[in-house]
Amino acid sequence: MKHLNGKMNLLGIMKFMYYRHVKKIDVALGQLFGVTPEFQGKGVEAAMIKRFTERIIEQGRCYKYLELNWLGEFNPPMIHLMEYIGASVARTHITYRKLFRDDIEFVRSVDKMKE
1 MKHLNGKMNL
11 LGIMKFMYYR
21 HVKKIDVALG
31 QLFGVTPEFQ
41 GKGVEAAMIK
51 RFTERIIEQG
61 RCYKYLELNW
71 LGEFNPPMIH
81 LMEYIGASVA
91 RTHITYRKLF
101 RDDIEFVRSV
111 DKMKE
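Positions 1 to 115 (the UniProt record's numbering) are the ones given, in order, by the sequence shown.
Treat the hints as calculated values from the structure; they're not laboratory data. Misleading hints may appear alongside valid ones.
Unchecked claim - Lysine-lysine pairs mimicking DSS-like chemistry, simulated, CA-CA at most 27 Å apart: (1) Lys24 x Lys42; (2) Lys98 x Lys64; (3) Lys24 x Lys7; (4) Lys7 x Lys23; (5) Lys50 x Lys98; (6) Lys50 x Lys64; (7) Lys64 x Lys15.
To be verified - Label pairs and their in silico Cβ distance ranges: (8) Lys64 x Val107: 32 to 42 Å; (9) Glu73 x Arg51: 19 to 29 Å; (10) Asp102 x Met17: 48 to 58 Å; (11) Val44 x Ile94: 36 to 46 Å; (12) His93 x Gln40: 17 to 27 Å; (13) Gly60 x Ile13: 17 to 27 Å; (14) Ala90 x Val44: 39 to 49 Å.
The beta carbon of each residue, even a glycine, is placed where N, CA and C say it ideally should be.
Work out the full structure: start from the sequences and follow the hints.
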């Protein structure tokens, strides 16, 4: 859809049909994975990723890459899981924070892990 530049006119429809039927997509994108705290650390995250890959196989899709986005540096358990399954970092996004109160100390999760 990024090739359409947000336009679904005649040219956009032709591009869509080309990318849909001729050009093969080789990346599966998992945009956001989240598990409520009560189920974290119990294998639910790994089960979600496993099911995601199973669905791809069931549908007969063949992707070169499985890309999991939005894995924050503030989420050490998911970083550990990705390392465990052999994932590699393809790109890094920057997260900006605005602290609204100066009287509260801010400590990043990755800094807590080093201690």
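Results for each hint:
1. Between Lys24 and Lys42 the alpha-carbon distance is near 36 Å, which puts this suggested pair outside the 27 Å criterion.
2. Distance hint between Lys98 and Lys64 is unfulfilled; the C-alpha atoms sit about 38 Å from each other, more than 27 Å.
3. About 21 Å separates the Cα atoms of Lys24 and Lys7, which keeps this hinted pair within 27 Å; it holds.
4. Distance hint between Lys7 and Lys23 is fulfilled; the C-alpha atoms sit about 19 Å from each other, no more than 27 Å.
5. In summary, the hint linking Lys50 to Lys98 is not supported, as the alpha carbons are separated by about 35 Å, beyond the 27 Å threshold.
6. With a CA separation close to 16 Å, the supplied pair Lys50 and Lys64 stays within the 27 Å bound.
7. Only pairs whose Cα atoms come within 27 Å are accepted, and Lys64 paired with Lys15 is accepted, the gap being roughly 22 Å.
8. About 39 Å separates the C-beta atoms of Lys64 and Val107, a value consistent with the hinted range of 32 to 42 Å.
9. Between Glu73 and Arg51 the C-beta distance comes to about 26 Å, which sits within the given range of 19 to 29 Å.
10. About 55 Å separates the C-beta atoms of Asp102 and Met17, a value consistent with the hinted range of 48 to 58 Å.
11. For the pair Val44 and Ile94, the beta carbons lie near 28 Å from each other, so the given range of 36 to 46 Å is not met.
12. Here the CB-CB span from His93 to Gln40 is close to 22 Å, well matched to the stated 17 to 27 Å.
13. Range check, Gly60 to Ile13: about 25 Å between beta-carbon atoms, so the 17 to 27 Å window is met.
14. The hinted range of 39 to 49 Å is not satisfied by Ala90 and Val44, whose Cβ atoms lie roughly 24 Å apart.
The structure fails to meet hints 1, 2, 5, 11 and 14 from the earlier list, while all remaining hints are met.
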